[in-house]
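Chains A and B are the protein sequences, given in the same order.
Just so we're aligned: 35 in the working numbering is position 30 of the first sequence, and the numbers increase by one with no gaps anywhere.
Just so we're aligned: 137 in the working numbering is position 132 of the second sequence, and the numbers increase by one with no gaps anywhere.
If you are wondering where the hints come from, they were derived from the structure by calculation, not from laboratory data.
The list treats identical chains as interchangeable, and a pair is accepted whether it falls inside one copy or across any two copies.
Computed cross-link-like contacts, EDC-like style, restricted to lysine to aspartate or glutamate with a CA-CA straight-line distance of at most 20 Å: (1) Lys-16 - Asp-91; (2) Lys-154 - Asp-122; (3) Lys-154 - Glu-240; (4) Lys-182 - Asp-221; (5) Lys-154 - Glu-215.
2 protein chains.
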Amino acid sequence: MEIIQSVKNPKVQLWRSLRDAKGRKQSGSFLVEGVRLVREALLSSFPVQEVLLREDFQADPSLTPLLSGGFPVYRLADHVFQSVCDTKTPQGIAAVLSVRTLPLQGGALIALDGIQDPGNLGTIIRTADAAGMNGVLLSPDCADLFSPKVLRAAMGSVFHLGFSFPDQLDRALQNLKEEGFSILSSQLDGEPFFSRRDVHSSFVLVIGNEGNGVSDPVRRIATHRLCLPMAGNAESLNASVAAGIMMYDLMRFPS
Amino acid sequence: MEIIQSVKNPKVQLWRSLRDAKGRKQSGSFLVEGVRLVREALLSSFPVQEVLLREDFQADPSLTPLLSGGFPVYRLADHVFQSVCDTKTPQGIAAVLSVRTLPLQGGALIALDGIQDPGNLGTIIRTADAAGMNGVLLSPDCADLFSPKVLRAAMGSVFHLGFSFPDQLDRALQNLKEEGFSILSSQLDGEPFFSRRDVHSSFVLVIGNEGNGVSDPVRRIATHRLCLPMAGNAESLNASVAAGIMMYDLMRFPS
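Make a model of the complete structure from these sequences and hints.
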């Protein structure tokens, strides 16, 4: 197999562009790095455009059969491979996929209203998956789901959950409310979370921006405004920790 | 007030050294940055050695009375102040404190067994405080509690909780077990967390290293080996999210 030696190769230029939101938008593609994420991608229903291997990369026997799926596989010189990766010490394998997501369905949803830290966004998605939730609504001012940092923190959950990207989160939630969903806004001036009542079996938990919380239009249409109790002198919780505590509690006691 | 203009000033050299574990150890001091943390420090029982202000810093009326506490207050030129801070855009106030902690007491404890990421360590401590827990045991291979990143993530909880730094975590836990504490080891091959039984009102929840989990000696002496259930295809939870879910559940249902 020929090894791509130059970062000026047009394909390499394209792959490099996928590190930025603009490049991903122009090509409609995104790139995942590392053995674990690539394996998940190859096993998923997401269309794989191509797989990139560093010249010295040896696929283990369980990965090899997944690499003959009808898409091109390229070998890249070390420095070329490094140049397309976001991680400092890449594992030697990456895959380019078409931007898409599974459709939003199911009755246990989370809505992220302006979560801008990629680590928080990815961690909340990973936790939603672990808690058994079904899908995620993302407001337009959230971090980009397909950015390398979000994908890394989400650890494959982007392939498991349904997603929706409404232009106006409050309208999307209004529609769900009319379908019978409870809309739970988490906010510091809310009622005690663990004493909540009358939450329907279909619900959306809304987590707001790290600094400003849930936006006013969403607060207005919420059926429940809830706050995790805090003991001691602590003033707040990290957004992804608070989301995790609430999601696990809701999934155990959907009331 | 004279303004310190040179980074070669011996005091400045000392303050700069507090960004590293070695410097903190040599001087027995640590430095906190920002209005919120400095306010908490000044209101705490921790001995304040000195307060540092950037030349243009204006204390608000609620902070001013706290600044006349019998310790020196220095004004630093902008670039000098920046050089002692770990944050990129400092708020203009910092305080140097003697390394100490409140004693470990109470019946709801968390033990951190090799938590090496400063963000995780600080976030778990902040969450323990919010959940109403009393104290934290730290194994020798944890990140340094007094490092700037940990202090930032812990958001003042270092002033609220008791701490202990045993040379051998397993021995310290063995002693607590003999005092009647339940020792709860969180591990991926444990029993389902939410079905746990016979947890005493005094307990220690042990959270292990991000990659390797709880160490073998600690697993051996645990009274309970527990795992958070995970639905879907998720493989693991972020350490600080998992700790938060377990702490909040334990504090609501101490069984």
